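Those sequence lines, one after another, are chains A and B. To convert, note that position 27 of the first sequence is 27 in the working numbering; the numbers rise steadily by one, no gaps. To convert, note that position 190 of the second sequence is 190 in the working numbering; the numbers rise steadily by one, no gaps.
By construction, these hints were calculated from the structure, which means they are not laboratory data. Just so you know, these numbers come straight off a predicted model, no measurement behind them. Accuracy of the hints is not assured; some may be wrong.
[Unchecked claim] Below, in silico cross-link-like pairs of lysine to any residue (SDA-like), each with a Cα-Cα straight-line distance of 20 Å or less:
no., chain 1, residue 1, chain 2, residue 2
1, A, Lys257, A, Ala284
2, A, Lys142, B, Phe156
3, B, Lys176, A, Lys68
4, A, Lys68, B, Glu162
5, A, Lys144, B, Lys262
6, A, Lys142, B, Ala257
[To be verified] What follows is a set of in silico ranges between Cβ atoms, one per label pair, in the way DEER data are often shown:
no., chain 1, residue 1, chain 2, residue 2, range
7, A, Gln184, B, Leu106, 49 to 57 Å
8, A, Asn133, B, Asp173, 26 to 34 Å
9, B, Tyr20, A, Ser97, 40 to 48 Å
10, A, Lys180, B, Ala81, 43 to 51 Å
11, A, Tyr243, B, Leu106, 49 to 57 Å
12, A, Ala281, B, Asp173, 50 to 58 Å
13, B, Ala81, A, Thr24, 31 to 39 Å
14, A, Glu42, B, Phe93, 39 to 47 Å
15, B, Leu180, A, Glu123, 25 to 33 Å
16, B, Glu266, A, Glu296, 24 to 32 Å
17, B, Phe93, A, Asp192, 46 to 54 Å
18, A, Glu296, B, Asp173, 20 to 28 Å
19, A, Ala122, B, Asp173, 18 to 26 Å
20, B, Asp173, A, Thr371, 51 to 59 Å
[Said to hold, decoys possible] Simulated coverage check for chain B against chain A, where a stretch passes if three residues somewhere in it have a Cβ under 8 Å from a Cβ of chain A:
no., stretch
21, 158-168
22, 174-187
Glycine is no exception: its CB is placed at the ideal position from the N, C-alpha and C atoms.
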Amino acid sequence: MSTDPFRPWEDPQATPLIRFENVTKRFGAFVAVDNLSLDIYEKEFFALLGASGCGKTTLMRMLAGFEKPTEGRITLNGVDIAPIPVNKRDINMMFQSYALFPHLTVADNIAFGLKRSDMPKAEIAGRVDEMLNLVQLSQFAKRKPHQISGGQRQRVALARSLARNPKVLLLDEPLAALDKKLRQETQFELMDIQGKLGTTFMIVTHDQEEAMTVASRVAVMNAGVIKQIATPDAIYERPNSAYVADFIGEVNLIDGKVTSGTEKSCKIIWQGGTITAQPRAKLAKGTEVRYAIRPEKVVISASKPEATNAIKGKVLDIAYLGNISTYHVETDSGQIIKAQLTNVRRLSQRSFAWEDPVWLSWTETAGIVLTE
Amino acid sequence: MKRFTLFNITSLTLGFAFLYVPILILIIFSFNASRLVTVWAGFSTKWYGKLLQNEAFLDAAWVTLKVGILSSCIATVLGTAAAMVMVRSGKFFGRTLFSGMIYAPLVMPEVITGLSLLLLFISLGVERGVMTIVLAHATFSMCYVSVVVSSRLVSFDQSLEEAALDLGCSQFDAFKSVTLPIIAPAVISGWLLAFTLSLDDLVIASFTTGPSATTLPIKIYSAVRLGVSPEINALSTLLIGAVTIGVITASLVTKRAAVHRKRHEEMARQAEG
Numbered sequence: 001m002s003t004d005p006f007r008p009w010e011d012p013q014a015t016p017l018i019r020f021e022n023v024t025k026r027f028g029a030f031v032a033v034d035n036l037s038l039d040i041y042e043k044e045f046f047a048l049l050g051a052s053g054c055g056k057t058t059l060m061r062m063l064a065g066f067e068k069p070t071e072g073r074i075t076l077n078g079v080d081i082a083p084i085p086v087n088k089r090d091i092n093m094m095f096q097s098y099a100l101f102p103h104l105t106v107a108d109n110i111a112f113g114l115k116r117s118d119m120p121k122a123e124i125a126g127r128v129d130e131m132l133n134l135v136q137l138s139q140f141a142k143r144k145p146h147q148i149s150g151g152q153r154q155r156v157a158l159a160r161s162l163a164r165n166p167k168v169l170l171l172d173e174p175l176a177a178l179d180k181k182l183r184q185e186t187q188f189e190l191m192d193i194q195g196k197l198g199t200t201f202m203i204v205t206h207d208q209e210e211a212m213t214v215a216s217r218v219a220v221m222n223a224g225v226i227k228q229i230a231t232p233d234a235i236y237e238r239p240n241s242a243y244v245a246d247f248i249g250e251v252n253l254i255d256g257k258v259t260s261g262t263e264k265s266c267k268i269i270w271q272g273g274t275i276t277a278q279p280r281a282k283l284a285k286g287t288e289v290r291y292a293i294r295p296e297k298v299v300i301s302a303s304k305p306e307a308t309n310a311i312k313g314k315v316l317d318i319a320y321l322g323n324i325s326t327y328h329v330e331t332d333s334g335q336i337i338k339a340q341l342t343n344v345r346r347l348s349q350r351s352f353a354w355e356d357p358v359w360l361s362w363t364e365t366a367g368i369v370l371t372e
Numbered sequence: 001m002k003r004f005t006l007f008n009i010t011s012l013t014l015g016f017a018f019l020y021v022p023i024l025i026l027i028i029f030s031f032n033a034s035r036l037v038t039v040w041a042g043f044s045t046k047w048y049g050k051l052l053q054n055e056a057f058l059d060a061a062w063v064t065l066k067v068g069i070l071s072s073c074i075a076t077v078l079g080t081a082a083a084m085v086m087v088r089s090g091k092f093f094g095r096t097l098f099s100g101m102i103y104a105p106l107v108m109p110e111v112i113t114g115l116s117l118l119l120l121f122i123s124l125g126v127e128r129g130v131m132t133i134v135l136a137h138a139t140f141s142m143c144y145v146s147v148v149v150s151s152r153l154v155s156f157d158q159s160l161e162e163a164a165l166d167l168g169c170s171q172f173d174a175f176k177s178v179t180l181p182i183i184a185p186a187v188i189s190g191w192l193l194a195f196t197l198s199l200d201d202l203v204i205a206s207f208t209t210g211p212s213a214t215t216l217p218i219k220i221y222s223a224v225r226l227g228v229s230p231e232i233n234a235l236s237t238l239l240i241g242a243v244t245i246g247v248i249t250a251s252l253v254t255k256r257a258a259v260h261r262k263r264h265e266e267m268a269r270q271a272e273g
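Go ahead and model the full structure; you've got the sequences and the hints to work with.
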């Protein structure tokens, strides 16, 4: 959306709602979060993405108040939250297991936090109804958690954590327990609810598709540090490291060396030939680089195409995924490059088969030159 | 495959006979009209009537009940607290020692527990009576409660408690409003176990009792030393009846809850599909 004005992270005047300032968390000798700084703005839908054990859950639990940073500080609206205990923080969390209280009805689960807030008793029932409506579960108010389906439980958990109207809602792998179809529907529901309420959401997930779908910004974490924070499209199109490029989606990574270059264009030599690419900055001759190109940006053709970058090879393998097919093409020098084609035509009519000699080509702007 | 072979039936019969024939004989002879325990002289319920007029037995029964209820309540509170610490606090210095010390009374000879408690009460100058038996019973039954409750807590999803804290509960409120209601069945069965242990304890009670307090097991034991009377048989039959009803009720309640739950889950699945 080019008209989207919501980009507070680009505004130097904007003050972030949540700030992690040089936060480190150690468990014994293990460093879960390593000197990490991060700003999150009001109304953001922020995603922390990473493999399990990368420290993303620890980061979230520190914000919720279940863990204390070993070093550094976390502020909410400019106030250091370290001395505020978990039950006094204006932050609520939706747990991966949903953590619904099995002995209470759906309505009582939602009312649980309200009864422990300063809300007058008379208003609680109204608020519960409002939350039930928000997640479309009004007719299940009297049921116990084990009497409703998994998707409904997920919505109760969401309603319960939103009932106290927190400044920040933390979602720990909120959709991991749902099957794929329901997960996709729920992603849109989540975005919808977040948009309606304007609450700041922070989601922790290992599912990159989920992060890309829901989030306004994504932070890719690895080994306790943030590798990159950017909008989903920037993370995908302009990863800043081979790790991020490889973690998000599929990518061909080609190791090479810069032979010549200006700020606009450079030539990279690798085993299979020369690549012309656009670097982000001028690279000195001889710099070792990794060239990252997404399979869907590689074109396959039978004859030599008119393209800046073209290379010859033969089809080694075809992975048929229904809507698309991924071709594994072995270049003459022995590397394997993946190329993706949309299956516009039926399978029986596809143009390339195993062992076919083909040409791979891509434009100068298709790939990305990475130095780390 | 044939399930009821001659071998299976024989071993089943022998096994049950071994377990229940003594009890069955006791029950039958409690309805014996004769004063002689081993000679059958026709059916009668007179010993039950006699029992109800025997003040000494009734007093002992009342003491036993008091001791049982009080000690099992104390044991349940302490045992649950110990179980929480054991399961929740993760690793701390001396954890193994602590857990070992909680479970040690399970295998400690009762004579030793009784004797050491007796020595303690004497050295403290506590007058022995109902209260000392209560304390002694709470001491040894507490570890049973803690075993039962901690086995439930191990499978307890800790994020439930975290969710309660997250929703504004204090630690105590979270325990009271979330943890306790969920582990209640385990706490109740821990209490029942402690109560049963207290009911039939003879050794520890006789070490820690004073002249003012005689529990039913002590009373029965001392009565039997003067010869088995049909009254004792009647009393034992009543006890067996009470225990049987208790066990059957408990298992029915559990079973009903399971059936209930299953039906609800079925309903949820249908709602989903």
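Hint by hint, here is what the structure shows:
1. Lys257/A with Ala284/A: Holds, at roughly 10 Å.
2. Lys142/A with Phe156/B: violated, 24 Å
3. Lys176/B with Lys68/A: The given pair, whose Cα atoms are some 25 Å apart, is violated under the 20 Å limit.
4. Lys68/A with Glu162/B: holds, 15 Å
5. Lys144/A with Lys262/B: With Cα atoms ~13 Å apart, Lys144/A and Lys262/B stay inside 20 Å; holds.
6. Lys142/A with Ala257/B: Holds. Lys142/A to Ala257/B sits at ~18 Å (cutoff 20 Å).
7. Gln184/A with Leu106/B: 49 to 57 Å: Holds, since Gln184/A and Leu106/B (Cβ atoms, about 53 Å apart) stay within the stated range.
8. Asn133/A with Asp173/B: 26 to 34 Å: holds, 28 Å
9. Tyr20/B with Ser97/A: 40 to 48 Å: holds, 46 Å
10. Lys180/A with Ala81/B: 43 to 51 Å: holds, 45 Å
11. Tyr243/A with Leu106/B: 49 to 57 Å: holds, 53 Å
12. Ala281/A with Asp173/B: 50 to 58 Å: holds, 57 Å
13. Ala81/B with Thr24/A: 31 to 39 Å: Taking Cβ atoms as reference, Ala81/B and Thr24/A lie about 35 Å apart, which means the hint holds.
14. Glu42/A with Phe93/B: 39 to 47 Å: holds, 45 Å
15. Leu180/B with Glu123/A: 25 to 33 Å: holds, 28 Å
16. Glu266/B with Glu296/A: 24 to 32 Å: Since Glu266/B and Glu296/A have Cβ atoms about 45 Å apart, the given range 24 to 32 Å is violated.
17. Phe93/B with Asp192/A: 46 to 54 Å: holds, 51 Å
18. Glu296/A with Asp173/B: 20 to 28 Å: Once the Cβ atoms are compared, 54 Å apart, the range 20 to 28 Å for Asp173/B and Glu296/A is violated.
19. Ala122/A with Asp173/B: 18 to 26 Å: Taking Cβ atoms as reference, Ala122/A and Asp173/B lie about 22 Å apart, which means the hint holds.
20. Asp173/B with Thr371/A: 51 to 59 Å: holds, 54 Å
21. 158-168: holds (count 9)
22. 174-187: holds (count 4)
In the structure shown, a violation is registered for the earlier hints numbered 2, 3, 16, 18, in ascending order.
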